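Residue numbers (numbering that gives the first Met the number 0), protein chains in the order written: chain C, 0 to 92; chain E, 0 to 153.
Everything labelled a hint here was simulated from the structure, so no lab data went into it. Fair warning: this is a prediction, and the values are worked out from it, not measured in the lab. Don't take every hint at face value.
To give a feel for the contact side, a few chain E residues facing chain C, derived at Cβ under 7 Å [to be verified]:
no., residue
1, D17
2, L24
3, A28
4, L30
5, L56
6, M57
7, P61
8, N82
9, G86
10, L87
11, Q89
12, G93
13, G94
Once the Cα atoms are required to be at most 35 Å apart in a straight line, the calculated DSBU-like pairs of lysine-lysine come out as [to be verified]:
no., chain 1, residue 1, chain 2, residue 2
14, E, K23, C, K88
15, C, K30, E, K23
16, E, K23, C, K32
Stretch-level coverage of chain C by chain E, calculated; a stretch enters the list once three of its residues show a Cβ under 8 Å from a Cβ in chain E [unchecked claim]:
no., region
17, 5-18
18, 53-63
19, 76-88
Every residue gets a Cβ at the ideal spot worked out from N, C-alpha and C, and that includes glycine.
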Amino acid sequence: MGLFDDIILYGNLLWYAVLVYVAYWLYNWSKEKLGFSQVLVFVVAGLLIYFLVIEHPIIGAFGVITWIIISGGLLLVLGMFPSLYMLLKGHRQ
Amino acid sequence: MVVLVAADVFGLFDTINDLSFVIKLIAFAYLTFYLYITFAENMPLFGLSEIILGYLLMFHAPVIVSLGLIVLFVMFGGMLQMNLQMGLEQAVRGGQQIQEMERQEAFQRKVQSGAALNAQEQQMYAEMQAQQQMQQGYQNSMLQVRSGGNFGGY
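Can you make the complete structure from the sequences, with help from the hints?
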């Protein structure tokens, strides 16, 4: 039972860490787009964080993580893995 | 009717409302940024365009957001295509090739060990033999060509 409680605890902590990162990402995005006006940054960031982190955290986390994966080039790295595997196993393509 | 009631009970319409507001807000932020860049040296014009943008987003949001999505696809379409073609498609195709190669290896090991083959495996073995004979025939004809062989008496 202790192990199960630990898993729940660390799972919760991880989820909160993800939400804090999503909130930070949304604030950074607002600052990047609306840096000319500090008031606008806080208003837009506040609204985005309220709706996407507090009200609908799953949708917010999913959306931000998907955007980071698409724009970060991780999918391109994924395309390399089969070729690397075949090279290491000594297969000829 | 039941689906609509169930959706209302689970708060789906509220979620859709909230998300549509978030999308309008994101579109507003993006368009404000581009308007600021465009009218950086003419603040009154920037202010006027902001008011027009606010009006259009509030009262004609579906049209503006649809247009915005089209522009977004134009801007980021290349990146999306590259990620899908060079990334996901390569990974899926590579995974399928690896699966096929491992299946062939397992089949060849079974043939070499002399184990009994089922009907499907016997057909695969026959196809493999036919392919090897074809390859051998092709290699032989190439050798003949290189050594200046006889082409039917000419």
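Tested hints:
| no. | hint | in the structure |
| --- | --- | --- |
| 1 | D17 | 5 Å, holds |
| 2 | L24 | 6 Å, holds |
| 3 | A28 | 5 Å, holds |
| 4 | L30 | 10 Å, violated |
| 5 | L56 | 13 Å, violated |
| 6 | M57 | 15 Å, violated |
| 7 | P61 | 19 Å, violated |
| 8 | N82 | 4 Å, holds |
| 9 | G86 | 3 Å, holds |
| 10 | L87 | 6 Å, holds |
| 11 | Q89 | 3 Å, holds |
| 12 | G93 | 2 Å, holds |
| 13 | G94 | 6 Å, holds |
| 14 | E:K23 <-> C:K88 | 50 Å, violated |
| 15 | C:K30 <-> E:K23 | 18 Å, holds |
| 16 | E:K23 <-> C:K32 | 15 Å, holds |
| 17 | 5-18 | violated (count 0) |
| 18 | 53-63 | holds (count 3) |
| 19 | 76-88 | holds (count 9) |
Against the hints set out earlier in the document, violations occur for numbers 4, 5, 6, 7, 14, 17.
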